[in-house]
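*Asks:* Given next are the chains, with one letter for each unit.
2 protein chains.
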Amino acid sequence: MSQIVPIKSATLSEDIAQQLINAIVTGDIPQGSKISEPELAKQYGISRGPLREAIVKLEGLGLVTRTANVGARVIELNLADMLDTFTMREALEGMAARLAASRMPSAGVDSLYALLDKHQAFLDANQDEHYAQQGGNDDFHLRIIQASGNQKLIRLLSHELYAVIRMYRHHTADQRSDPRQALREHKAILDAIANQEGDLAELLMRRHISRACRLLQQAMEQSTHSTQ
Amino acid sequence: MSQIVPIKSATLSEDIAQQLINAIVTGDIPQGSKISEPELAKQYGISRGPLREAIVKLEGLGLVTRTANVGARVIELNLADMLDTFTMREALEGMAARLAASRMPSAGVDSLYALLDKHQAFLDANQDEHYAQQGGNDDFHLRIIQASGNQKLIRLLSHELYAVIRMYRHHTADQRSDPRQALREHKAILDAIANQEGDLAELLMRRHISRACRLLQQAMEQSTHSTQ
DNA sequence: AATATCTATATTGTTGACAATATGTCTCTT
DNA sequence: AAGAGACATATTGTCAACAATATAGATATT
Chain A
1 MSQIVPIKSA TLSEDIAQQL INAIVTGDIP QGSKISEPEL AKQYGISRGP LREAIVKLEG
61 LGLVTRTANV GARVIELNLA DMLDTFTMRE ALEGMAARLA ASRMPSAGVD SLYALLDKHQ
121 AFLDANQDEH YAQQGGNDDF HLRIIQASGN QKLIRLLSHE LYAVIRMYRH HTADQRSDPR
181 QALREHKAIL DAIANQEGDL AELLMRRHIS RACRLLQQAM EQSTHSTQ
Chain B
1 MSQIVPIKSA TLSEDIAQQL INAIVTGDIP QGSKISEPEL AKQYGISRGP LREAIVKLEG
61 LGLVTRTANV GARVIELNLA DMLDTFTMRE ALEGMAARLA ASRMPSAGVD SLYALLDKHQ
121 AFLDANQDEH YAQQGGNDDF HLRIIQASGN QKLIRLLSHE LYAVIRMYRH HTADQRSDPR
181 QALREHKAIL DAIANQEGDL AELLMRRHIS RACRLLQQAM EQSTHSTQ
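Sequence lines, in order, name chains A and B. Numbered by the working numbering, the letters in the first sequence go through residues 1 to 228 in order. Numbered by the working numbering, the letters in the second sequence go through residues 1 to 228 in order.
These are calculated hints, taken from the structure and not from any lab test. Every residue, glycine too, gets a C-beta built ideally from N, C-alpha and C. Please note that a few of the clues may not be correct.
As the list claims (entries may be wrong) - Pulled a few chain A residues facing chain B out of the computed Cβ check, cut under 8 Å: (1) ARG52; (2) MET95; (3) GLN181; (4) ALA182; (5) GLU185; (6) GLN196; (7) ALA212; (8) LEU215.
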C-alpha cells in the first residue's frame, strides 16, 4: 500500500507533506488524532522545521485543523461536511462539464469514449469486482476537469478538494454502488459534451454527482461511526 | 477599515501572513516581485521561521508561487486567470444562492432587504461616489454565501478565493460600472431567495457575476498592463 | 471530599546558525 | 568577441537550541 520509505523529492517539506497526506487519507493516521510534532519528526527522521511547513500545507488542504499553542488534529469525517463537500463538487464539476462541452477538441472526446469503452470492457470481464476508481488519469471525472481548461478549477478540484474526497472514499465501505449505472451516466455526460450541449452536460454531471453523494451518504449512515 | 498596524494575534506566523496578504492585495508588494525571506524578515523584525510558514500559507491561497531552492514570487494578474476565477465564483456563488433560497430564515431575508435599502439610500445620497464594496459583512455577496450554510463553501469563497478577488478589484481601476444596475440585480436575487425559488436565485446570481466579470474584463483590457 | 491554586512537564512558537542549491561574475578558451 | 566553465556570493532549506504557552498532577484550602 502506501510506501513508508521517503519518495525523494526536491525538498523535505514537500516529501513529508505528501507522506502525511497519504497517511491521513488512508487512515494510517486516524481521524481526530493529534499531530505530535516531536513524535512525527522522530518517526520520519527529520527536524521540526520542514514538518511544520508540511502541517501548514495540510491545514490549507483542510485535512487538519490547527489551534495556536495547542497543535494540529486530523479532521473527523462527518456527514455534514461530506454533504457540504459534495455540494461544492456538484457546482464545480457541473461547471467543468459545461466548459468541456464548449472547449473540448474532438480528439479529446474520442479519447474519452475510448476510456469509457475500456471501463465497459473491465466491467464485462470482472463481473463482481467493483470498478475501482483508478485514481490516476483514467478517472473520468479528472479527465472532464482537465478538459474544462480552467486552471483554477483544475487546481482546486484535482489537488485541494481531491484529498478530502479520497479520504471519504477510503473511510466508507467503498461499495461503489452500481458501477454500470455510473458508467451509463458517464456516457450520457460525454454524449452531451460531444454534442457541445453545455447546459445538458452540466445538468447531467450535477445529477450524477448528486446521486453519488446520496449513495455515499447511505454508506456512511450504515457504517458504524468508525471509532478510530 | 482595515488596520495597517500589526493586529497582535496569537502567533507571529498568523500576523505576518495577514500583513503579507494585505500588502499583496493592495499592491504594496507589487505583482511578480520576488519575496526575499531575509529582506522581509528584517523588515518585519522577525526571524525566517514564522515568515516561511506565512509564505506557505500564501501559496495555499494562490497569492504566490514557490519553486524549490529559488523562492516565492507574487502572482501576476492576467486576464485568463481572472476569467477562470470568476467562472469558479459563478458556479460557487450560484450554488450559494440556491442553498440560501432553501435555507435562509425569514429574519435573515428581512435583514438583507434592510441592507439593500441601506445601499439604496447610500446611492441616493452620494450620486457620484461609487458604491464601494464595503468589504465587511455589509457585502451582499458575503451575506448570501453565509446564508448558504455550507461551511466548506463559506471557507473557500470568503477566505481563500476572496483574497484573489480583492486583488483584482484593487488592481483594476475600480470603476464599479453601474452601481444602480448592480443593486437592482441584488434585489432580484434576494426576491428569488425570499420566494424560495432556488433555480431562479442560482440563475440570477450567475448572470450577475457573469456580467460583473465582463465589466472587469473591459476594465482590465483598458488599463495599461501595469508594469510593476 | 471537592475545588482551586500552584508547580512541573511537555509541546508549540521562535530564533540563530549551518548546509545545500542557485545566480551572477569573472576568466579562460576558441 | 562570444561562449563555456569555474568561482564567489547570496538565498533557500534544514537543524538544534531556547522561550513561551498549555496541560496534567499534586498540594492546599474550604
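*Asks:* Now, for every hint given, state plainly whether the structure supports it.
*Replies:* Here is what the structure says about each hint:
The criterion of a C-beta within 8 Å of any C-beta in chain B is met by A:ARG52, whose closest approach is roughly 6 Å, and the hint holds. Interface hint status for A:MET95: upheld, as the beta-carbon distance to the closest one in chain B is roughly 4 Å, under 8 Å. Below 8 Å, beta-carbon pairs count as interface contacts, and A:GLN181 has none with chain B, the closest being about 24 Å; its hint is therefore violated. Residue-level restraint check for A:ALA182 is violated (minimum Cβ-Cβ distance to chain B is 22 Å; threshold 8 Å).
Given the 8 Å rule on beta carbons, the hint for A:GLU185 is violated: about 20 Å separates it from the nearest Cβ of chain B. For A:GLN196, the interface hint is violated, the least distance from its beta-carbon to any beta-carbon of chain B being 17 Å, above 8 Å. About 17 Å separates the beta-carbon of A:ALA212 from the nearest beta-carbon of chain B, more than 8 Å, and the hint is not met. A hinted interface residue such as A:LEU215 counts as satisfied when its beta carbon comes closer than 8 Å to some beta carbon of chain B; here the least separation is about 20 Å, so the hint is violated.
Hint check: violations occur at hints 3, 4, 5, 6, 7, 8; the rest are consistent with the structure.
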